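Listed below are the residues making up each chain.
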Amino acid sequence: MSEQMTGLKKIDDCRWMVSMTGGMRVPGIIYSSEKLIKEMGADESPKQVANVAHLPGIVKFSLAMPDMHWGYGFPIGGVAAFDLEEGIISPGGVGYDINCGCRLVTTRLALEDVRDRVQDLVRALFQNIPAGVGSKGVLKLAARDQKKVLIDGAKWAVDQGYGTQEDLETTEDRGAVKGADPEKISARALERGREQLGTLGSGNHFLEIEVVEEIFDADAAAAFGLERDQVAVLIHSGSRGLGYQVCDDYLALMVKHIGELGFPLPDRQLACAYLSSPRGKDYLAAMACAANYAWANRQMLMHWTRETFEKVLRKPPRELGMKLLYDVCHNIAKLEQFVVDGKEKTLCIHRKGATRAFPPGHPALPGQYRKAGQPVLIPGDMGTGSYVLAGTERAFTETFGSTCHGAGRVMSRTQAMKASKGRAITREMAERGIVIMASGKGTLSEEIPEAYKNLDEVVDVVHRAGISRKVAKLRALGCIKG
Amino acid sequence: MERYRVFDHTADLGMEIYGRTAGDLFSNAAFAVFDIITDLSQIRPRETRDIVVEGSGWEDLLVNFLREVLYLFNGDSFLSKECFVSEIDEVRVVGKVSGEQFDPFRHRIHKEIKAVTYHQVMVRHTPELWTGKVIFDV
Chain V
1 MSEQMTGLKK IDDCRWMVSM TGGMRVPGII YSSEKLIKEM GADESPKQVA
51 NVAHLPGIVK FSLAMPDMHW GYGFPIGGVA AFDLEEGIIS PGGVGYDINC
101 GCRLVTTRLA LEDVRDRVQD LVRALFQNIP AGVGSKGVLK LAARDQKKVL
151 IDGAKWAVDQ GYGTQEDLET TEDRGAVKGA DPEKISARAL ERGREQLGTL
201 GSGNHFLEIE VVEEIFDADA AAAFGLERDQ VAVLIHSGSR GLGYQVCDDY
251 LALMVKHIGE LGFPLPDRQL ACAYLSSPRG KDYLAAMACA ANYAWANRQM
301 LMHWTRETFE KVLRKPPREL GMKLLYDVCH NIAKLEQFVV DGKEKTLCIH
351 RKGATRAFPP GHPALPGQYR KAGQPVLIPG DMGTGSYVLA GTERAFTETF
401 GSTCHGAGRV MSRTQAMKAS KGRAITREMA ERGIVIMASG KGTLSEEIPE
451 AYKNLDEVVD VVHRAGISRK VAKLRALGCI KG
Chain R
1 MERYRVFDHT ADLGMEIYGR TAGDLFSNAA FAVFDIITDL SQIRPRETRD
51 IVVEGSGWED LLVNFLREVL YLFNGDSFLS KECFVSEIDE VRVVGKVSGE
101 QFDPFRHRIH KEIKAVTYHQ VMVRHTPELW TGKVIFDV
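So the protein sequences, as listed, match chains V and R.
FYI, the working numbering numbers position 288 of the first sequence as 288, with every residue one higher than the one before it.
FYI, the working numbering numbers position 53 of the second sequence as 53, with every residue one higher than the one before it.
Isolated chain R (complex conformation) (with noise of 0.2 Å):
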C-alpha cells in the first residue's frame, strides 16, 4: 500500500497519508516526514528516540505528534529511518523512532520543512483505511 503523497498547496507542502490502522497512519506520517527531507536509504538505524505525545483529538494529535517529528530533525540534527507506534488513541500516542545523527558528509538534505500547521488538518477512516491531510510550512 502507498504509505503517503505529497500535494500542492501555494506557497508550501502538502501531504496525505494512509494507513491501515491508526498506528499504521502516525508511523508514515513520520516516514513520509524523513522521506522528504532526506534520502531515507542512507540513514542507518543506529539509535532509537522515543516519542511521547498527547492532543485533544486525532487531529490535534497528528499536528503535535509531527511537531515532535519534525524537532528531531530541526531541533536535534536527527534523521529517522523508521518510526513505530506501539500505544495509540485520540488522545495520546507512544512510539519509537530508529535513525542516526545528521552527518553532512554522508546525508543530502532535500527539502527544508520548517513547521507543521493546523491549516486544513484532517484525519478520517473507513474500517479498512485511515487517510490523514497535513500541510507543512517550507
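This is chain V alone, in the form it adopts within the complex (with noise of 0.2 Å):
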C-alpha cells in the first residue's frame, strides 16, 4: 500500500506518522508494523488518531498502539496528553467500559498438580462467578455502602473481607483513584451498578485459568514472581453497566453543549470539556468512580476464585498461594507526571484501550517490582493466552508511560458471526487443549480467535520500540466467558 493511499508516513520498522494537515495541532504517531498497517485495510483509525491531534491543549503527539482499531471518536489504542489549564478531557477517549481492566493472580501449582482437573476448575468457576448478559451478582448494595465503593475502590472490597490488604499493594493507584464524588453520578448509573458489583460481564470479557509458557526475561520474572509452567489466572473485566451508563450520561451533557468549546470538532464522538472547566471536572470525579467500582469488582472476582480453587483443589490458602502479581486498567483518563520540555508538568493522560507501563524506579510502583518496573498485563483473545511485559524508560518519556492493551478486533462481529457459523467453537477449543465455558453461545462465536490481531506480532511491536519489555508468554487451560 503507497503512503498517500494511508496518508502515513514510516519513521522506522515500528513507527508510523501521521503528518499534520488542517487543523491538526500536533502530529500523530502510531506504533504498529508492515503486517499489522497492511491488514488494517480500509479501518478509518488512523483518520481518528488525526481527529484526536485537532483537540486542544494536546501535548506533543496523538498517539496509538499497535492494536489499534476503529473506536468512537478516539481509536481504541489511543493515548493523547492534555494540559490541564488549556486541554480538554472527553468520555469518548476513556471509552464506554470505564477502568476496563485485568488482573493476574499467581499460583504456588504447576501444570502438573491440575492437569486432570481443569474441567473441574472451569466449571466451578462458572458456577461460582456470576457471568452474562446483564448477569446480577450476590450483593444487592445499599445506597451508602455503594457510595464507599465508588470512593473507596478495590480497598472497599478487602474491608468486607474480599482478599488481603497485600492485594490493594499491587493494583494500580492501589485500587481507588483519587478525586472520585458520587454525588456527580446520575440516579442511573447508581441504579445499574446496584446489583452488578462481583460480575463479570459479557462481549470479550472472561476468567482464564493459564500456564506459564516462556520466560523471556529471567530477572523481571523472577521479581514478579513467575515461573515455567506455574499455573496463574487471569481475570478481565471492568465497571459493567454503571461505567457505561457514565460514559452515556457525559456523553450527552458534552454533545448538548458542543457548540460552547469555541473550536469545530471533526466528530461529535469526540465531545469534549475544558479540564478546567466545571463539566470536566465533574466528568473525572465521575469517571473516578466508575474506575473505582472496576477494582471492587475485579477485587471480588479474584476472591472467588481464590475461595472455587481452594473448594476444588482441597489445598489451604498456604499451599495454592493465590497472590495478585499486578492489576491494571486499559481504559482511563488520569493525572500524572511528565517532564515537557524539562520542567515537571501535571497531564491528563487518556488511555482508552491503552495500559500504563511505568519505568523501573517510578514512585508508583510496589517495592518489589521498583527494579524490573511495572508489571503490564496484555490479555489476548479467548483461549490464546497473554503476555506479561513490564514498564520502561523509553514509554515514559515516548508515549506518556504507555503500551497496548491486547490482541485489538480485525473482524466485525457480524463477520466472525459468519466465519464460525456451523463451527462448533466449545469442541474446536478443546481439541485445542483449553476448556470453555460461555453463559452466551452468541459470544463465543463473536469471539473466535481469528476475529483479532496476532497478540504475538501486538507484543513484538512495542517490545521492538521499546515502550515495553517482554517477561513471560502465558497460555490458555480454561476459560469461562460471558
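Keep in mind that the hints were calculated from the coordinates and are not lab data.
In this text the structure is predicted, and so the values were computed from the model without any measurement.
It is possible that part of the hints are untrue.
[What the hints assert, rightly or not] Derived DEER-like restraints, expressed as beta-carbon distance ranges:
1) V:422 to R:108: 18 to 28 Å
2) V:258 to R:50: 25 to 35 Å
3) R:108 to V:178: 40 to 50 Å
4) V:256 to R:50: 15 to 25 Å
5) V:397 to R:2: 49 to 59 Å
6) R:16 to V:44: 17 to 27 Å
Note that beta-carbon positions come from the ideal geometry of N, C-alpha and C, so glycine has one too.
Dock chain to chain to rebuild the complex, using the hints, since each chain is given by itself in its own frame.
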C-alpha cells in the first residue's frame, strides 16, 4: 500500500507518522508493523488519530498502539496527553467501559497439579462467578455502601473480607483513584451498578486459567514471581453498566454543549469539556467513581476465584499461594506527572485501550517491582493466552508511560458470526486443549480467535519499539466467558 | 413494509430504520432494539411505560430516544414488545411502550446492546419515507 493511500509516513520499523494537516495541532504517531499496517485495510483509525490531534491542549503527539482499531471518537489503542489549563477531557477518549482492565493471580501450582482438574475448575468457576448479559451479583448494595465502593474501590472489597491488604499493594493506584465524587454520578448509573458488583459481564470479558509457557526476562520474571509451568489466573472485566451509564450521561451532556467549546469538532463522538471547567471536573470525578467500582469488582472476582480453587483442589490458601501479581486498567484518563520541554508537569493522560507502563524506579510502583518496572498485563483473545511485560523508561519519555492493551479486533462481530457458522467453537477449543464455558452461545461465535489481531505480532512491536519489555508468555488452559 | 435492517460496522452493530412518518420511524426504532435483544414473541404486553424525550434536531432526538429505550432494559430489566408514538416534532417525542419485566426463565437474551452512539447518525425523509441510521455499541 502506498503512503498516499494510508496518509502514513514510515519513521522506522515500529513507528508511522500521521503528518499535520488542516486543523491538527500536533502530529500523530502510530506504533505498528508492516504486517499490521497492511492488515488494517480500510479501517479508519489513522483518521481518528488525526482527529484527536485537533483537540486543544494536546501535548506532543496523538499516539496509537499496535492493537489500534476503530473506536467511537478516539481510536481504541489511542493515547493522548492534555495540558490541565488549556486542554480537554473527553469521555470518548476513555471509552464506555471505564477501567476495563485485568489482573493476574499467580499460584504455587504447576501444570501437572491441575492438568486433570481443569474441567472441574472451569465448571466450578462458572458456577461461582456470575457472568453473562445483565448478570446480577450476590450483593444488592445499599446506597451508603455503594458510595463507599465508588470512593474506596478495591479497599472497600478488602474491608468486606474479599482479599487482603497485600492485594492493594499490587493494584494500579492501590485500587482507587483520588477525586471520586458520587454526587457527580446520575441516579441511573447508581441504579445500574447496584446489583452488578461482583459480575464478570459479557462480550470480550473473561476469566482464564493459564500456564506460564515461556520466560523472556529471567530477572523481571523472578521479581514478578513467575516461573515456567506455573499456573495463573487472568481476570478481564470492567465497571459493568455503571461505567457505561457514566460515559453515556456525560457524552450526551457534552454533545449538548458542543457549541460552547469555541472550536469545531471533526466528529461528534469527540465531544469534550475543558479540564479547567466545572463540566470537565465533574466528568473526571464521575469517571473516578466508575474506575473504583471496577477495581472493587475485579477484587471480588479474584476472591471467588481463590475460594473456588481451594474448594475444588481441597488445598488451603497457604499451599495454593494465590497472589495478585498486578492489576492494570486499560480504559481511563488520569492525572500524572511527566517532563515536558525540561519541566515537570501534571497532564491528563487518556488511555483508551492502552495500558500504563511505568519504568523501573517510578514511585508509583510497589517496592518489589521498583527494579523490574511496572508489570503490564496483555490479555489475548479467548483461548490465546496472554503476555506479561514490564514498563520502560522509553515508554515514559515517548508514550506518556503507555503501551498496548491486547490483541485488537480485525473482524466485525457479524463477520465473526458468519465465519463461525456451523462450527462447534467449544469443541474446536477443546481440541486445542482449552476448556471453555460461556453463558451465551453468541459470545463464543463473536469472540473466535481469528476475529483478533495476532497477539504475538502486537507484543513484538511494543517490545521492539522499547515501550515495554517482554517478560513471560502464558498459554490458556480453561476459560469462562459471559 | 420492512421496519428495519441491520448492517455491519467494525466491532459494532448498525441499524437502518424505516417509517412512513416520523412517529413510525421512532416506534420502529424502539421495536428494532428489542427485536435484536430478545425473541419478541415471548414478550407479553402486561405493563406500559411512558417515554418523553427532547433533542436539538431529528438526529439528536433519535439518539436520545434510543438511549431512553435502551435504558428500559439495561437499567430496569424491562422488555418492550411495541412502542406507540403519540406526539412528535423535531425537538420532542412522547410515546408509550408496552411489555413486561425480564424473566430469565421465560425470556432469552440474544444480544446485549450496550449503548447508542452518535457515530454516523442520520435521519432523512421524503414525502413517502423516513429513514434513520444508528450505530450501537454491543
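So, going through the hints one by one against the coordinates:
At about 21 Å, the CB distance of residue 422 of chain V to residue 108 of chain R agrees with the hint of 18 to 28 Å. Restraint check, residue 258 of chain V to residue 50 of chain R: a C-beta distance of roughly 29 Å satisfies the suggested window 25 to 35 Å. A hinted range of 40 to 50 Å holds for the C-beta pair residue 108 of chain R and residue 178 of chain V, which are about 43 Å apart. The hint said 15 to 25 Å for the Cβ distance between residue 256 of chain V and residue 50 of chain R, and at roughly 22 Å that hint holds.
In this structure, residue 397 of chain V and residue 2 of chain R meet the distance hint of 49 to 59 Å, their C-beta atoms being roughly 56 Å apart. Separation of residue 16 of chain R from residue 44 of chain V is about 20 Å and conforms to the stated range, judged on CB atoms against 17 to 27 Å.
Violated hints are absent here; each numbered hint is respected by the structure.
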